[in-house]
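Since chain A is already given, all that's left is putting chains B and C on it; use the hints.
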Amino acid sequence: MRPANVAVALPAPARQRALKWVLLGVLAAALLIWPLFTHDFFYTHIATLVLLYCIGGASLHLLVRMGQLSLGHAAFMGIGGYTSALLSTRLGWPFIPAFVASAIVPALVALVLGPILLRLRGVYFVMITYSFGELVRLLFNEWQSLTGGADGIFQIPPPHPFLATSREYYYFALLMAVLCVGFTGRLLSSQTGRFIDAIRESDRLAQSSGVPVLRFKVMVFVISCGLVGMQGSLMAHYIHYLSPGAFGFSESLNFLVFNVIGGMQTLAGPIIGAAFLVSLPELLRGWVELQRVLYGVILIVVMLYLPGGLVMIGRRALELLPIGKGER
Amino acid sequence: MNAKNWWAGAAIAGLTMLAFVLMMGAPAVQAEELKIGAVGTLSGGGTEWGKALQRGLTVAIDEINEAGGVKVGNKTYTLKMIMYDDQYTAQGGTTAAIRLINVDGVKFIIGPVGSPPALGVVAVANPAKVIVLSDGYSGKILTPESKYNFRIQIPTEYFAPGMAKWLAKTYPKAKKVGFISPNDAVGQTLVPVQIEAYKAAGIETVSDEKFDRGMADFTPLITRMVARGADIFELDGDAPGDAGLMVKQARQMGYKGIIIQTGGPGTDEIMRVAGKLADDFLTYDLFDPADPSGAEFVKRYRAQFTGPINGLSPIYYNGMKILAEALRRAGSLDTDKVKGELEKLDGFQTLFGPVRWDGKERYGVRHQLVHDFFVTQVKDGKAKPIARVSHE
Amino acid sequence: MSSNLVIPIVFNGLSLSAIYILVALGFTLVFGIMRVINFAHGEFAMMGGFALFICYVQLGLPYWLALPLVVPTVGLIGLVAERIVFRPLYGQELPAMIAGLGLSVALADGAVVVFDVHQRNIPSPFDDILTVSGFTFPEDRVIVMGIAVAALIAFWLFIQFTSIGLALRTVAQDREMAEAQGIDTSATYRITFFLATAMAGLAGALFAQIYALSPYMGLVPLVKAFTIVIIGGLGSIAGAALGGILLGMSESFLNTFYGASVAQFASFGAIMLLLILRPWGLLGRPEV
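If you read the protein sequences in the order shown, they are chains A, B and C.
Mapping of the first sequence onto the numbering used here: residues 1 to 328, in sequence order.
Mapping of the second sequence onto the numbering used here: residues 1 to 392, in sequence order.
Mapping of the third sequence onto the numbering used here: residues 1 to 288, in sequence order.
This is chain A alone, in the form it adopts within the complex (with noise of 0.2 Å):
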């Protein structure tokens, strides 16, 4: 981060955002339009989830770039789904309330535990995470008269009978997707984001500014919490069904990964980790014993090649081109 080479080393910043506009167009265009080009249902589908991972790991991004690394942040994702879900199936709502208090349940939650898990840092914080995580699955399994345990809940109605088939969800989805990452982007290139770079990089100096550290990391930490809910919700009146089963450790770790493979440092990272690593289990399925080593060997060479994620493939390729000339 040198901006005063950028803004020396960059041509014509007008023709620059000009480019940056059309780029966004066509991408725009393209997300909108390919779903009608095909037939199949499957890669709507994947796009699908694709998009609702996004949100989660965006905002698990939230956490990570404020050096906090959860790994129960799947566990607030069930809190929504099964609030969400239970909301509809057992007491008959409509989707907008359940999926409104998708968000609030679980960011209530992180508003009171919060303050609590917030005093630790690093390690300690990955490993109270965790331990947060499995209880919380344990509580999804053995609360039978609640949740229905193991088995999870049924026939949960898709948001508005509209939205019963995968490709009209893709566009739901995607419009989702973009609020939600598009929030956390503006979250995070305005002052709060700048104070949770400042955080990241260390705590006692943000205190000194006089920023009230924990009560902020709390406040952080309850928007994400709130934004991963919604994922829970989506998924959960996508499927139609969801089980304790899909909240626990395994999911956490994705999210993480989600954010550790794209790449920590931007937003664009776990966008790139989610789009990647749900869809790299699609490309491999030719391979069916070896897709999961295949899987454990990509996470290692992309740490010790690329450990700045994915997205320095891209910068790198924009090196090359002569939009980035003279960053070097």
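A couple of the hints might just be wrong.
Said to hold, decoys possible - Reference listing, derived: stretches of chain B covered by chain A, where coverage requires no fewer than 3 residues with Cβ under 8 Å from a Cβ of chain A:
id	segment
1	109-123
2	156-162
Stated by the list, open to error - Sample of chain C residues at the chain B side, in silico, Cβ under 10 Å:
id	residue
3	Pro215
4	Val223
5	Gly259
6	Ser261
Unchecked claim - FRET-style restraints, in silico, Cβ to Cβ:
id	chain 1	residue 1	chain 2	residue 2	range
7	A	Arg90	B	Glu296	45 to 55 Å
8	B	Gly254	C	Val149	16 to 26 Å
9	B	Lys276	A	Tyr305	29 to 39 Å
10	C	Ile276	B	Val298	55 to 65 Å
11	B	Gly364	C	Leu59	51 to 61 Å
12	A	Ser250	B	Glu296	36 to 46 Å
13	B	Gly364	A	Tyr305	52 to 62 Å
14	C	Ser186	B	Lys299	54 to 64 Å
15	B	Gly214	C	Val114	16 to 26 Å
If you are wondering where the hints come from, they were derived from the structure by calculation, not from laboratory data.
All C-beta atoms in this analysis are idealised placements derived from N, C-alpha and C, irrespective of residue type, glycine included.
Chains B and C alone, transformed into the frame defined by chain A:
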């Protein structure tokens, strides 16, 4: 985010979309080849069951292809299995089913084994008129809306009462049963069914212990059970590896009562884990290996695969054979016609005896395959059926 | 429930503790000295189990030859992993963690490809059941406990009384000071990794012998190691020992008297409480 990252992100997004577009080229379908879809767990904890499906299906498909394939109308088809992992989640089952149906153009799916993925698959397959022959004991799998899916193994509520009654009759002095089951859908759904079945047979449940998957030392739980006076140790739906350890540890602790598994079966693996200590172990079993069709299955399985015979593989072997016969009788690949033939298949001889469909009263649809079953006992390192019992 | 449950509970608790401590020690060493949370640690235990299976069952070597062979075998694999996966990532805590995770998946599922997924039994060379005043003790558990304890004592002697052991302790306490004193830290890392994985391998072999062996069995020792190290303190050897005993005994006690669910809730609850009130564990040191 700064400009550099933005560009990078956009470039990657573009590349990913390109990859998607490239992936969309559908593979050419070979004529005379009939694709049979399979969905099962091939990663993580449930892999044993996914393998059971894969192997049972492979043995059946090879047997059918060797005999010339399936004659449907004027054409003869070679069967080809396409199997995807469901990761034991509903989402995984849904994804696998969508891929099979949409990308591979499959009309017949065998599996999944577990309830969560089965529910996912069935929800996608029924509207698409794709026939599904699955396992999964959840009550929600067969409902009046189940037009195209069938269940090809009897669930616990069908075999538990018969087993309990047989036990009460054969060992009239045993009056107290203890359960140790995993803390998941098996333990939560199946055990209550068995408790009821034992109660109806006059046997009281004195202990119902749950463990989290991954536990290897069951001695504390067995101690609890024994302390309450259990003289029947019921292994219900425990996975073969866990069941084997329980048998071994119970005997090592000096427990002298009955050990029985009304579930599984996982006899082969249990015998390998418990060794000599597996003697006198009783279990629910699906077929008699001494029977000609049973012996044939065992022979073919052993010729192709090493390791213990997974107790669930006969179910999928049997399912494939039933489907092949229905295809033959329908004379067409149209799933409505095949479905009709499946429903009329009563009497057709299979590994599990003559086909019989049931379920109208229980589930609202007559798509539950029912069959007699066996009680097998291990003696001197060999497992032999000692009784044949009718389903409920 | 009467008092004659105490003996079985203590015995069960101790035999589990011994194996857990072997696993946790390696884990805490690697963290204390190299600041790496090795997610693949459980898989080294699993490989130890398979190594014993290959040597003892498939190759037919006598038990007292097969078991000691496991130790250097797994240790060597550990060295390879250190060189390829971890060494390039020293100083980067998070990438090392993720790489370790990738290694764990690759090893566990690689084992599925090579050995198939079903559980195996290693036939025990000790089949007897010893009965002492009415209590039954399976012979193989007694022997396994003995071996584990012997290994722990050997380790303790090594750490306390040899110069390499001293070097390890120094690096664990303060890396900069150790380097200033001329200790070769990269050699220290290699030795640490070798020891840690070798002990995990031995623990895995012992575990596989009295329980069962399967490619995915590494997850449970990893979680136990995590738990023990939280209780005892990351980087503390004595803490790992104490944590191991506490965990083994409390598990045995809680499972017997209250069943598995209560035991699970209690252990996660206790971990959370400990992390909130005393995150550096019972015997660790608070980090600055």
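We went through each hint and held it up to the structure:
1. Counting residues of the segment 109-123 of chain B whose beta carbon lies closer than 8 Å to any beta carbon of chain A gives 5, which reaches the threshold of three, so the coverage claim holds.
2. Only residues whose beta carbon comes within less than 8 Å of a beta carbon in chain A count, and the segment 156-162 of chain B has 0; fewer than three means the coverage is violated.
3. The beta carbon of Pro215 of chain C is positioned within 10 Å of a beta carbon in chain B (closest approach about 9 Å), and the interface hint is therefore held.
4. Evaluation of the Val223 of chain C hint against chain B yields a held restraint, the C-beta minimum of about 8 Å falling below 10 Å.
5. Of the supplied interface hints, the one on Gly259 of chain C holds, with its beta-carbon coming within about 6 Å of a beta-carbon of chain B, less than 10 Å.
6. At about 6 Å, the closest approach between the beta carbon of Ser261 of chain C and any beta carbon in chain B falls short of 10 Å, and the interface hint on this residue holds.
7. In this structure, Arg90 of chain A and Glu296 of chain B meet the distance hint of 45 to 55 Å, their C-beta atoms being roughly 51 Å apart.
8. Roughly 25 Å separates the CB atoms of Gly254 of chain B and Val149 of chain C, a value that falls within the hinted 16 to 26 Å.
9. Our hint of 29 to 39 Å for Lys276 of chain B and Tyr305 of chain A is violated, since their Cβ atoms are close to 53 Å apart.
10. Restraint check, Ile276 of chain C to Val298 of chain B: a C-beta distance of roughly 57 Å satisfies the suggested window 55 to 65 Å.
11. The beta-carbon spacing between Gly364 of chain B and Leu59 of chain C, approximately 58 Å, falls within the hinted interval of 51 to 61 Å.
12. The supplied range of 36 to 46 Å is met by Ser250 of chain A and Glu296 of chain B, whose beta-carbon atoms lie about 40 Å from each other.
13. A beta carbon spacing of about 57 Å between Gly364 of chain B and Tyr305 of chain A agrees with the range 52 to 62 Å that was offered as a hint.
14. With their beta carbons about 58 Å apart, Ser186 of chain C and Lys299 of chain B fall inside the hinted range of 54 to 64 Å.
15. Checked against the hint of 16 to 26 Å, the pair Gly214 of chain B and Val114 of chain C passes, with Cβ atoms roughly 22 Å apart.
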